[in-house]
Amino acid sequence: MSDLIEIKGFTNATLGWKAWLDVVSLDSATPEQIAVLEESHPQAKVSDYYLFLVHQPEVLKQRSVAFNAIMYAPGGMPRAERELGATVVSRINGCVYCASVHAQRFEQLAKRTDAIIEVFNDPHAAGTSERERAIVQFSIALTSAPDAVSPADIQALKDVGLTELEILDLMHSVAIFAWANRLMLNLGEPVFP
Amino acid sequence: MTTTQPTDTIDRLVGLSPTLNTYSVRHQRDKVVAATQKSEEGLFDPTLPGLTLAERLLVALLACTLTPSALCAAEYRQRLVDLNVEKSLIDHISNGALEQITDARLRSILTFTHALITDPVKADKAALQALPIAGLSTPEVVTLAQLIAFVSYQVRVVAGLNAMKLLELQA
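Top to bottom, those sequences are chains A and B. At position 125 of the first sequence the residue is numbered 125 (the working numbering), and the sequence of numbers has no breaks. Take any residue in the second sequence, note its place counting from 1, add 193, and you have its number in the working numbering.
Careful, some of the hints might be misleading.
Covered stretches of chain A (chain B as the covering partner; in silico rule of three or more C-beta atoms under 8 Å from a C-beta of chain B) [as the list claims (entries may be wrong)]:
| no. | segment |
| --- | --- |
| 1 | 68 to 74 |
| 2 | 140 to 147 |
| 3 | 158 to 170 |
Only pairs whose alpha carbons sit at most 27 Å apart, straight line, appear in this in silico DSS-like list of lysine-lysine [as the list claims (entries may be wrong)]:
| no. | chain 1 | residue 1 | chain 2 | residue 2 |
| --- | --- | --- | --- | --- |
| 4 | A | Lys18 | B | Lys318 |
| 5 | B | Lys224 | A | Lys8 |
| 6 | B | Lys224 | A | Lys158 |
| 7 | A | Lys18 | B | Lys315 |
Just so you know, the hints here were simulated from the structure itself, not pulled from any lab data. Where is the CB? At the ideal position from N, CA and C, for every residue including glycine.
With the rest of the complex left out, here is chain B (with noise of 0.2 Å):
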């Protein structure tokens, strides 16, 4: 059974229990908490109207193969193969073959993930403006920037936390 399982993404990633000492200091900021799972709970909201919850989860699993950060990416990966989206796209993600997509509004939605990620001092006006090209509305650009900058915050708490934690367990 899962009742016992943290419904927070964050710990339950990392391994954080109450009994861990890096889990009362997260807590802590108990605020922040709980802003960082709503944060993630509204982007991930199967009814958000706009980019499907597969697009969304694929763009996660790109950001997260491309940081690198492991668990992160394993997880998106699992959300993913939980929502039944195809095994062969999942992978092209994970393998980082974008080349291989040829959706062409997922395609655009992947490769702005890929500049935000990689070097986002380089995307430009251009990179923006290629999201209403494909089809994008406004809104749907701004659902887009937020989670790839979301997950960018997701994967160095996640990181940042479970060196804290492995820290703990060698004392």
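Same shape as in the complex, but just chain A (with noise of 0.2 Å):
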């Protein structure tokens, strides 16, 4: 078991989600519906997440490709800097939920925490080695301000030792982070244990 770290309202913690509005009922369901949940996420059946996207099923559907293609396809971007990066975003959001998630996944693949604790606590100045420092301000970049971000915000992250695959990769889990927040927070809260 990891460490439980609680910082300025961000945690480690495993949490809940409940919708604010009507989830589809599993008895009503679709063979759609239960197709496209089944594709999404083990947890989707039981997940009040994916029971209230699911009214519409082919946005959800194609939502879940795109997620699971860029936070789990081999190769690239560590997967574990994929999730700093998801992790980051989502402090900058304020989504204490998504915030959750990633801290886990991040420990599991990277086997550390020390870089989730400083982006809980000051993600301006987070990184624990200039890659990550480079990727943790990329993920601010493009989070804050997408129309600013300049060749510059690229070549600081070559500078530093990323592919052009890497980058790539960065962008992506910085943008479906973009789209993932706006769900978690504005459809529904999270439940603490």
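Hey, can you piece these two chains together into the complex? The hints should help.
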């Protein structure tokens, strides 16, 4: 078991989530809705989040394909670093639920929590190495002011050794959490243990 | 003729063609490229029941205007023009002048969009529950939230790839 982190309202504890409007009941779900739930996430059939989004199954299906391809595809940026990017975005956007999930995934993959503690404390100063700091800074920039992202920001990632595929993976990880955070923050709320 | 135009929206907006290295890098993640395009096509499918296509494009235009994302805002503005949506309505959205929107349903949709783009953490349960009060069904609320969230994603992919392309062209 990992040590519990609780900093500035963010945590690595396992949280629940409940929807603010009516979710689809499995008893009345269509075969298409059931199929999309099964494709989306192993726990989707017991998750308020997926049971709410499945009101529009085709949209959820494509979101899940994109999400899973971005976060789990082999090669490119190490998965721990994609999770770090996701956690930074969630910290900047104030999504406590997403931050908790992806803080845990970072720890599972990287076998450490130091970078997460830094991100929760002060994302702008976070990163335990030059490479990590560059990843964190880029994640903040693309989240806060996408149109201001410039060739110099890409060069800064190359300068600390990121390949172009790694940079693409980071962009996708940051962008998909602009998407995920807005659903988690605005359609329901975390449930604390 | 448009036969040589790429059909992928992000490639088209960023100006990526197979001769560019940035295009090759992006297409190493073809599954993401395809799911991104299919997400957009699903959210802007003219036959999707619920929110009208004009309502959905107005939401996208407001989201891109507020982010801001010049490339994406120009795209959604053009699609609204092509759909023959009233010019003054498009201009109000481009100017962020939501107080000029008189239709209560559209105004509640755009108010929710404004909240999710500018300060998602402050948009609370009351912001969401204002939508059913304005007459939106739950599936319509889901479409709206996914649409705003998708555009938040799309503008960032476009911005990142655009910076990568500009760096490539500088070299």
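Against the structure, the hints come out as follows:
1. 68 to 74: Our answer is that it holds, as 3 residues pass the Cβ test (under 8 Å) against chain B, meeting three.
2. 140 to 147: Since three or more residues must qualify, the claim that chain B covers the segment 140 to 147 of chain A holds, with 4 doing so at under 8 Å.
3. 158 to 170: holds (count 5)
4. A/Lys18 x B/Lys318: holds (11 Å)
5. B/Lys224 x A/Lys8: Violated: B/Lys224 and A/Lys8 sit about 37 Å apart, past 27 Å.
6. B/Lys224 x A/Lys158: holds (24 Å)
7. A/Lys18 x B/Lys315: holds (17 Å)
In terms of the numbered hints stated before, the structure departs from hint 5 and from no other.
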